[in-house]
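Student: From just these sequences and the hints, can you work out the full model?
6 protein chains.
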Amino acid sequence: MRETAISGWLSIGSTYSAEIIGCSGVDCVTVDLQHGMIDVQTMIGMLQAISSTPATPMVRVPANDAALIMKSLDAGAYGIICPMIDSVSEATAFVAATRYPPKGSRSFGPARGLLYGGADYFDQADATIVRMAMIETQQGLAAVEDICAIDGLDGIFVGPSDLALALGKTPSNNSIEPEIVAAIDRCVNVARACGKQAGIFCSSGAHANARAREGFSFVVPNSEANILKSAIAAEVNAARGRRPL
Amino acid sequence: MRETAISGWLSIGSTYSAEIIGCSGVDCVTVDLQHGMIDVQTMIGMLQAISSTPATPMVRVPANDAALIMKSLDAGAYGIICPMIDSVSEATAFVAATRYPPKGSRSFGPARGLLYGGADYFDQADATIVRMAMIETQQGLAAVEDICAIDGLDGIFVGPSDLALALGKTPSNNSIEPEIVAAIDRCVNVARACGKQAGIFCSSGAHANARAREGFSFVVPNSEANILKSAIAAEVNAARGRRPL
Amino acid sequence: MRETAISGWLSIGSTYSAEIIGCSGVDCVTVDLQHGMIDVQTMIGMLQAISSTPATPMVRVPANDAALIMKSLDAGAYGIICPMIDSVSEATAFVAATRYPPKGSRSFGPARGLLYGGADYFDQADATIVRMAMIETQQGLAAVEDICAIDGLDGIFVGPSDLALALGKTPSNNSIEPEIVAAIDRCVNVARACGKQAGIFCSSGAHANARAREGFSFVVPNSEANILKSAIAAEVNAARGRRPL
Amino acid sequence: MRETAISGWLSIGSTYSAEIIGCSGVDCVTVDLQHGMIDVQTMIGMLQAISSTPATPMVRVPANDAALIMKSLDAGAYGIICPMIDSVSEATAFVAATRYPPKGSRSFGPARGLLYGGADYFDQADATIVRMAMIETQQGLAAVEDICAIDGLDGIFVGPSDLALALGKTPSNNSIEPEIVAAIDRCVNVARACGKQAGIFCSSGAHANARAREGFSFVVPNSEANILKSAIAAEVNAARGRRPL
Amino acid sequence: MRETAISGWLSIGSTYSAEIIGCSGVDCVTVDLQHGMIDVQTMIGMLQAISSTPATPMVRVPANDAALIMKSLDAGAYGIICPMIDSVSEATAFVAATRYPPKGSRSFGPARGLLYGGADYFDQADATIVRMAMIETQQGLAAVEDICAIDGLDGIFVGPSDLALALGKTPSNNSIEPEIVAAIDRCVNVARACGKQAGIFCSSGAHANARAREGFSFVVPNSEANILKSAIAAEVNAARGRRPL
Amino acid sequence: MRETAISGWLSIGSTYSAEIIGCSGVDCVTVDLQHGMIDVQTMIGMLQAISSTPATPMVRVPANDAALIMKSLDAGAYGIICPMIDSVSEATAFVAATRYPPKGSRSFGPARGLLYGGADYFDQADATIVRMAMIETQQGLAAVEDICAIDGLDGIFVGPSDLALALGKTPSNNSIEPEIVAAIDRCVNVARACGKQAGIFCSSGAHANARAREGFSFVVPNSEANILKSAIAAEVNAARGRRPL
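Keeping their order, the protein sequence lines are chains A, B, C, D, E and F. Numbering of the first sequence is given in the working numbering, commencing with residue 3 and proceeding in unit increments. Numbering of the second sequence is given in the working numbering, commencing with residue 3 and proceeding in unit increments. Numbering of the third sequence is given in the working numbering, commencing with residue 3 and proceeding in unit increments. Numbering of the fourth sequence is given in the working numbering, commencing with residue 3 and proceeding in unit increments. Numbering of the fifth sequence is given in the working numbering, commencing with residue 3 and proceeding in unit increments. Numbering of the sixth sequence is given in the working numbering, commencing with residue 3 and proceeding in unit increments.
A couple of the hints might just be wrong.
Same chains, same names: a pair is fine if it fits in one copy or spans any two.
Dumping the calculated SDA-like pairs for lysine to any residue here, alpha-carbon to alpha-carbon at most 20 angstroms [what the hints assert, rightly or not]:
| hint | residue 1 | residue 2 |
| --- | --- | --- |
| 1 | LYS198 | ASP128 |
| 2 | LYS231 | SER205 |
| 3 | LYS105 | ALA151 |
| 4 | LYS231 | SER206 |
| 5 | LYS198 | GLY154 |
| 6 | LYS231 | ALA208 |
| 7 | LYS171 | ASP122 |
| 8 | LYS171 | TYR123 |
Since the hints were derived computationally from the structure, they do not count as laboratory data.
Tutor: Okay, structure coming up:
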């Protein structure tokens, strides 16, 4: 990845829009199994579609569920973002699910890995796969130094809306509440100090760029569903001859 | 419909993005079976999703194929846009496929019609369904007066790219080639003179508004796939800190 | 088949409801590609599901379309009902699409045929497959003797609603209009005189039984969608403590 | 909801039968992810189809699985029925998964919520969503008072077959075993005393009405699969000219 | 099953290839939800397709997840292979999920069971369903005698690749590492001594036959994906006029 | 393509097996919409999966249907094989459907073309797309010189089974009937004399190699379904300890 990687984010369960995003100039594309309108079978086709583009396929799993993490990897994901990591033990379990023994507990059966990754998939997988733990609760925030120190974890990913909720605020991707700003600063600083990736979900490309300047190395300029929502609203507005939104 | 109806245009085969577009403020949404990455089974789910929004569901069929036109109507479409109408006989056959006997030849079996349209579907369908014939060839252009005069046809729909190709030009939705400008003018003028709808595919909302001012009563501010492509490119560009595209 | 065969009729695109109907005591099950909310890929799974039941799988195609007729057969249909047969030439073309040369023009590639039908599929297919031409227009009605005389056609199938429409009446499966009653009588009498099957779509099981007593040898006690609609309405009514509908 | 709400129950994985049930006069429709032949991607389309009808969409999840509960809500469910709730701690965890912090732990990302529920979804969701805990084990029965007392739980839902099994009897929805009758009475009485909803799965509409008269406020007149099974059997029987089943 | 049962193994998410394998002469077919590119909705269709063949349908679940085990059974699986069983308590929980109370905790709602298994499904299910616990870790290996002694467990299934990984070796289905050979010998011997089935995943039919001669009673001659991979490579090689691989 | 191109052939409707075949060393992969258990929506995902492999994606359409040919191209096919071409006029219509005006009549809207092919798709498409007309009837055979002479047609493709049927023989891919041998020789000789591709469906890789030595430049070593059928039968046979088939 480049200094700052930009990831597309997929909530629409379509292999075609997945390919559109993969061809858009992003570095990677994350299929969102948590809040996206996407289930596993659809994800498999989407990962295949992303494989035909220059972007690296990733998955945000809906929970720290080892079986689902392994299946996402077998289906060809090269990175996993895991929500709601609150402690070292949870982060350790997450990382273990992504690594073959003896370092981890991943079960062997890399279906698409062998097609997309090639015959040396088994040898290369552990070093190639990116693992990011989401920090979005008070407990996760409190444990961020210890989580960042875990061997095999590549970085953390901030979910600003859930973090805001956890801190008693309204969900927002770009809150200016001092407490939230401080919490996000803490995340990026700790991650950088540990030599780990710091990722974050943003509300737009401009916001993603601002986050990159704050030190984030992995930024998401909103989901394709939200980008489409704004863009179609703007076009409809223009079609009605109204002033820009 | 309002004075000028604005239609969303679906190329992505997803019920979720269909619903997003249906909730975007458009008057209707057209599922594009011709160039969209969408087949009939997916269309059925998309028409259901559109039914949950304020927008009217329509379908652009891939050809003047009576069986497929009837199936789209049974699946709940309230408007049909038919490509490549070159003559009165083709337009007449198209209209017949959308009307029950004695006015037409539609076969009876309005599956979703009875759910979405209600128990009086049979009585109301012919008067409610919108039928638009695409003018996109030299023959179609030559016959536009006669086509517009057909009873039961609600209007014409201009496919500017195919029309440009047919006139020996590069495909474009907003060509300034005089021959194409004249051809499009002719379409809108003839349709209005006949008291029929004049529809057109546009390259953006602003372009759709310009077309509305030209007299078009049904405008499409590009497909959701193209709108998403432009919007994600702009966001990625901003995320990289580059000047706006 | 027995003296009078009873066919389930599928409008709901689900492999599970297909299997439910196949296990319900019917002799065969017809997947309705014309008015059903079902496309070809879904049909394939439904034919597989029906194959696991005692019932014979059939397909009502949406039009006299040779490619689609052949694909339905390759997918394992053992009977084809073809709508809108108006003439001997149409009926002949329909039959030809279901038979291998030299008797017909079916292309060779019986994918599921070899699995479901067995290794002798090629030798047995032409003799085993049932072909029924729908009589539902004035022209079809006029030509019914000639259509019934066609070699290889196993019978005719009456679509009462479309026939009623064609005769200028309201669509209905059990019309008492003398003209429609006479037309239906004519169909069953001609078919029996020719030693061919006479099939008809009915509004209920009781109606199907009445049709059987009129001489029909293949009866459909309504679609599963309509049966479900009536049954759920009755249960909801009972749940509200109201008198039976 | 009315005094007694009637819910459809979906086991067939089809968006079309979902819409049929939603249009049948029921107050709400529950997609059964536990015993239904339905997975998450199909459920999303079914919830969209239900959204186009007057009925409120609900989901019976297959287990007390927070990620799946959240995804069902994001997909537009307005009620969740959770099986196998045996204790206050399980019921509390279930409720927490349906509520945003600080009252609960639901993660923020209400994809279809914003479309179907509108822009104020976040503010309204917690007050609008209905949560019912299934009482179907001896432990659950023993803890029913404490479970009913939980803040945020809207009611309990009795699974009579599993409850019968748990009490050593044959699974049945309308058992007359005194022990089961007593257990069900206890559930409805405790729920009413706590001012909570009492729901139950019934074997028919008439049975649902009887349950309503017993005090149940949420009744299910069997699944659409079972209703279809009975109805098709009755029609086939009638078609064969046999006496009613 | 015969003395030694041969099971097909499905990784490709297609109902058609499922049917091909079911017709291939195998005794049973296992849908692999763990490493296969298959999710639950697709599995349902595949189980239906297998039901139309002489082979018994089975499922390898992705984890010891009671809800998913129950759903696989409701969908018509007649055998469950459960991965990563490390202890008596895990094996007991697995078995419980497959049995109705009082012997187990399976929830009642046998959707396809009643269609495929028949009206006596409830009475026969517990005795008919085959349960196999996978031994593929050091803990599982250590506990194999105790696991084999569990009432209701029909046998064990060795995952040689994961077992090799667990023992610090390269994943392989036919390792000649003495430690692995000894571990596999131990599994088959313990299972036979307990009168239980001993199953194993093999690299080919010849290998499966060798395993049968070692005493295994349930053998898998590789997945259909791997068999296809080898076969297509051989055909392409031959097409290029090269010597056999 | 190389001197002799080898094409995989897909009858199984799975994106995963499509990717397996695309990674098998073939030059291209043909999705068979005619006899394959595959419909258009599934084809779109399969073309995306093939796009992630080194192989060129192609489609065999089910009929000379312009709308379907155009949709296959929009979905990313880079070659079309069209069945049942009997005359110059049919071949000309086929070719026209694949070319933009003024050379043809293809409608503009290259959805995946712009993603997979790149921004210059419109300029390059006509020169890049491969068009092969199937010769499988007596009329087609009689017209083969004239068909091969058509501008824009890249070659012919022999369907030996249908050709055998058309000549009154049993369907076979490697018949030794002199009449069929002569017909096939004629096809390859005419095509080569015209400087066109000569393609043929073969029964195995060895057979494909023999066909290449006969002069065919495009050979198909059977479908993946047939290859899998033979391979699984061989493995099951070996697993039973029987002598090789």
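Student: Each hint: holds or not?
Tutor: Do the hints match the structure? See the list:
1. In this homomeric assembly, LYS198 and ASP128 come within 20 angstroms of each other (Cα to Cα) only inside a single copy, at 16 angstroms, whereas the closest approach across copies is 37 angstroms.
2. Both within a single protomer and between protomers do LYS231 and SER205 lie at most 20 angstroms apart by alpha-carbon distance, with minima of 12 angstroms and 17 angstroms respectively.
3. In the homo-oligomer, the alpha carbons of LYS105 and ALA151 lie at most 20 angstroms apart inside one protomer (16 angstroms), although the nearest pairing across protomers, at 31 angstroms, exceeds that limit.
4. In this assembly of identical chains, LYS231 and SER206 lie within 20 angstroms of each other by CA distance both inside one copy and across copies; the values are 12 angstroms within and 15 angstroms between.
5. In the homo-oligomer, the alpha carbons of LYS198 and GLY154 lie at most 20 angstroms apart inside one protomer (10 angstroms), although the nearest pairing across protomers, at 40 angstroms, exceeds that limit.
6. In the homo-oligomer, the alpha carbons of LYS231 and ALA208 lie at most 20 angstroms apart both inside one protomer (17 angstroms) and across protomers (17 angstroms), since each shortest distance falls under that limit.
7. In this homomeric assembly, LYS171 and ASP122 come within 20 angstroms of each other (Cα to Cα) only across copies, at 16 angstroms, whereas the closest approach inside a single copy is 47 angstroms.
8. Proximity of LYS171 to TYR123 under the C-alpha cut-off of 20 angstroms is restricted to the inter-copy arrangement: shortest distance 16 angstroms between copies versus 44 angstroms within a copy.
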